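> Sequence:
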Amino acid sequence: MTQTKVTTAGWQRLGGRIIQTSFRTHILISALLRLALICYGQIHDSQSAVPYTDIDYKVVTDGARLVLAGDTPFARHTYRYSPIMAYLQTFNILLHPAWGKLLYATFDLLIATLIYRLVHMEIKSQYQKTVQHLLSKFNRPRESNQSLDALDAKSHPENLARASACFWLYNPLTAVISTRGSGDCFSSFFVILTIYLLLKSEHNEARSHWLIFGAGLAHGLVIHLRLYPLLFSLAYYLSLSTRLTQTPLDFLCQILRPNKQQLCLVIGTLVSLVAFTWTFYSMYGWEYIYEAYLYHFVRKDPRHNFSLQFLLQYLGSATSVAEPSVVIKILVLAPQFLLILYLSLSFGQFRQTLPFCIFAVAFVIVTYNSVVTSQYFIWYLAILPLCLNNFKLLSWRRCFSLLFLWLLAQALWLLPAYLLEFRTWNTFYWIGLQGAVFFATNGYILEQLLSHYGFTQFKISYRKLL
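According to UniProt numbering, the sequence shown holds residues 1 to 466 in order.
Hints in this document: simulated from the structure, not taken from any laboratory. Possibly wrong hints are sitting among the right ones.
Stated by the list, open to error - Calculated lysine-lysine pairs in the DSS-like style (CA-CA distance at most 25 Å, straight line): (1) Lys200 - Lys129; (2) Lys260 - Lys200; (3) Lys200 - Lys124; (4) Lys124 - Lys329; (5) Lys329 - Lys129.
Unchecked claim - With beta-carbon atoms standing in for the labels, derived distance ranges: (6) Val274 - Leu33: 24 to 30 Å; (7) Lys329 - Arg207: 40 to 46 Å; (8) Ala69 - Tyr342: 17 to 23 Å; (9) Ala69 - Arg423: 36 to 42 Å.
What you are looking at is a predicted structure, and each value in this text was computed from that prediction instead of being measured. Using N, Cα and C, we set each Cβ at its ideal position, and we do this for glycine too.
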């Protein structure tokens, strides 16, 4: 018991030192780590038969080469992304093959910057609201003392913001994925930017409508880049409401009678999405619409992945099984959409809980998706740091046990996947079973996070306050 206490105290001291380090220092260290990973990737690819670089990075680079030649990027087989990605990676050919990795690593660091600013802004705002409540309780003027001097060091906005940013900066999974050349950090940046602008609009009434319109522009862009953020739209919309949605009639009124802020969000989203879609449709025609959008609705991927639906897709592709009926497709999709609706109505109506709502919705999207790869984890891992402070009801032991379960479920899946990929063993049913285990594990983790979610609490010195 004594040894455990000493170890815990040691970890707490180490954590305290890390948090006390300036945010700029953390950014510099993280930038150097990512640069080292990019250099390692170049060496690894030249020496190993198993590449470090993501296959999608090579596909987009080929698309960029076609763009420079005056052709369409969709002439490259399996190119099913926005043309923007090919344009960004044209410098892979003009300057250096690692250009795109440097770009995505930069957006990786920009995500940390947004996390830092957003958490700092929200914690400070919530603290000031708490102070105003206490001052009114003691019959003191609300302007008497709203400084951060009365706040406990562990709850200080600066420390919490650094801790949240460090959770992202030093996450090995996110660092590796961005330096392998995955563009998910690029799209995740605009998801967090949307949340940041929506929450900032509450603190800047003079420019609130412009900030919300800007959030709509960012939201439209990220829908253009990746379709999944479309499912965040309801939560964004409800967060701008001035009244609660408690009945179906309330929900209908919300949709049919939007306020000015909701209109700004909708208009901004449509302007951005339509502008990008129309521009690239005029350049590349129907091929762009199908490859970038429609393909993802009819996509079938029999290659092994984490999805619960993998085995069914594999067996369906290997035999002459008829296409599932519309009823079956609805039954498969219904649980996912019902969960998203529940989360949006429960947590999306309040701006303070909006980050957690978007995280939970992204978690559900990835868990229930028909194709799940490691890159998809970025979709919710990028948002998780925004709501870490709301999981104080979770003990450290419970946090580590949930992390261990999540990693163990992946490791159990990776073993049969390795045997299939590199030893050519027939492990398809084993992979399907482990996919079900991973699905169940994710469901348990989400249940734990929902049941232990709580509002930010502060330890305030009344003497310093009053």
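> Does each hint fit the structure? Answer for all of them.
Verification of the supplied hints:
Between Lys200 and Lys129, the direct Cα distance comes to roughly 15 Å. Compliance with the 25 Å bound is thereby established for this hinted pair. Only pairs whose Cα atoms come within 25 Å are accepted, and Lys260 paired with Lys200 is accepted, the gap being roughly 16 Å. Using a Cα cut-off of 25 Å, the hinted pair Lys200 and Lys124 holds, with the two alpha carbons roughly 12 Å apart. Restraint check for Lys124 and Lys329: not satisfied, since their Cα atoms lie roughly 46 Å apart, outside the 25 Å limit.
Among the hinted pairs, Lys329 with Lys129 is inconsistent with the structure: their alpha-carbon atoms are about 47 Å apart, more than 25 Å. The given range of 24 to 30 Å is broken by Val274 and Leu33, whose C-beta atoms sit roughly 40 Å from each other. Take Lys329 and Arg207: their Cβ atoms lie about 44 Å apart, and the range 40 to 46 Å holds. A hinted range of 17 to 23 Å for the beta carbons of Ala69 and Tyr342 is inconsistent with their spacing of about 49 Å.
A hinted range of 36 to 42 Å holds for the C-beta pair Ala69 and Arg423, which are about 40 Å apart.
Checked against the numbered hints given earlier, the structure breaks hints 4, 5, 6 and 8 and satisfies all the rest.
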